[in-house]
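**Q** Sequence:
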Amino acid sequence: MKSKLASSQGDELLAQAQDFNGVKVLAASSTVRIAAVLRETMDKLKDKLKTAVILLAAVSDGKVSLIAA
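If you want our numbering, it's the 1-based position in the sequence shown plus 1491.
No wet-lab data here; the hints were simulated from the structure.
Heads up, some of the hints might be wrong.
[To be verified] Simulated restraints, written as ranges between beta carbons of each label pair: (1) A1559 with N1512: 15 to 23 Å; (2) S1556 with D1502: 18 to 26 Å; (3) E1503 with A1526: 12 to 20 Å; (4) G1553 with F1511: 27 to 35 Å; (5) S1551 with D1510: 25 to 33 Å; (6) G1553 with N1512: 15 to 23 Å; (7) Q1509 with L1557: 18 to 26 Å; (8) R1524 with D1502: 23 to 31 Å.
Glycine included, every Cβ here is placed at the ideal spot set by N, Cα and C.
Sequences are here, hints too, so could you generate the full structure?
**A** This is how it looks when you write it as C-alpha cells:
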C-alpha cells in the first residue's frame, strides 16, 4: 500500500519538475503524511529524474517534514 501511494504521489510530482540548464529542479509540497512513504516517494523521484535537485515538504499534526536530495 505504501509503495502504491509513493508511486502515485511521485508521478503527480514529476510534472512539476522544471529544467534549469540541464538540471531538473523540483520543490513541492506533498500530501503524504507518513515519513517512510515520503522517503520512498523521494527515492522514486530520484530514479526517474536522474540528475536533479529535489525538495519535498509535508505537514502532519502541525509538524513540518522536509526531505531533500
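**Q** Determine for every hint whether it applies to the structure shown.
**A** We went through each hint and held it up to the structure:
no.	hint	result
1	A1559 with N1512: 15 to 23 Å	holds (19 Å)
2	S1556 with D1502: 18 to 26 Å	holds (20 Å)
3	E1503 with A1526: 12 to 20 Å	holds (19 Å)
4	G1553 with F1511: 27 to 35 Å	holds (33 Å)
5	S1551 with D1510: 25 to 33 Å	holds (31 Å)
6	G1553 with N1512: 15 to 23 Å	violated (38 Å)
7	Q1509 with L1557: 18 to 26 Å	holds (19 Å)
8	R1524 with D1502: 23 to 31 Å	violated (18 Å)
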